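J.: Sequences and hints are given; from them, build the entire structure.
Numbering follows my numbering, in which position 4 of the sequence shown is assigned residue number 6; successive positions increment by one, without gaps.
Treat the hints as calculated values from the structure; they're not laboratory data.
Just so we're clear, the structure is a prediction, and the values are computed from it rather than from any experiment.
Among these hints, one or two may not hold up.
[Unchecked claim] The calculated lysine-lysine pairs, modelled on DSSO-like cross-linking and capped at a C-alpha distance of 27 Å, are:
(1) LYS33 <-> LYS83
(2) LYS110 <-> LYS124
(3) LYS111 <-> LYS124
(4) LYS33 <-> LYS124
(5) LYS67 <-> LYS83
(6) LYS63 <-> LYS83
(7) LYS140 <-> LYS124
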Amino acid sequence: MKKFFAEFKEFVSKGNVIDMAVGVVIGAAFKSIVDSLVNDIIMPVVGWLLGGLDFSSYAIKLSEKIAEDGSVAVNAILYGKFINTIISFIIISFCLFCVVKIVNGLRKKKEEEPAPEPEEPKPSNEEVLLTEIRDLLKEKAN
Numbered sequence: 003m004k005k006f007f008a009e010f011k012e013f014v015s016k017g018n019v020i021d022m023a024v025g026v027v028i029g030a031a032f033k034s035i036v037d038s039l040v041n042d043i044i045m046p047v048v049g050w051l052l053g054g055l056d057f058s059s060y061a062i063k064l065s066e067k068i069a070e071d072g073s074v075a076v077n078a079i080l081y082g083k084f085i086n087t088i089i090s091f092i093i094i095s096f097c098l099f100c101v102v103k104i105v106n107g108l109r110k111k112k113e114e115e116p117a118p119e120p121e122e123p124k125p126s127n128e129e130v131l132l133t134e135i136r137d138l139l140k141e142k143a144n
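T.: As structure tokens, then:
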């Protein structure tokens, strides 16, 4: 059992898991912003352009039931909310596409920068001496 918890602790403490958790939290916050953008800004404008339509209230009623307290329970297909969700998905996808495109552009610029050429290592004392001996032997042979 201790080994199991030790493995779990190692798994959780890895940087990738923490980065992923932060991404999920930021993604959830971003989703609420996009939902508000779609429901509170874009869809009213689209509805106004289409003559006052409100997609969020569009539904196909399948059945109605009146409860004892007088309230009405409706079983319906809420396709208007589905349209809003599709628009939210398209906006989120577009934003993520833009972010990935920017990051890839920054990576490409970083890769294009030429790396400084490494200097040739200085020859060791033995190599210098061997080179001098070689040159002297060549001179004697000529």
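J.: Failing hints, ascending?
T.: Numbers 2, 3, 4 - these are the hints that the structure violates, sorted from lowest upward.
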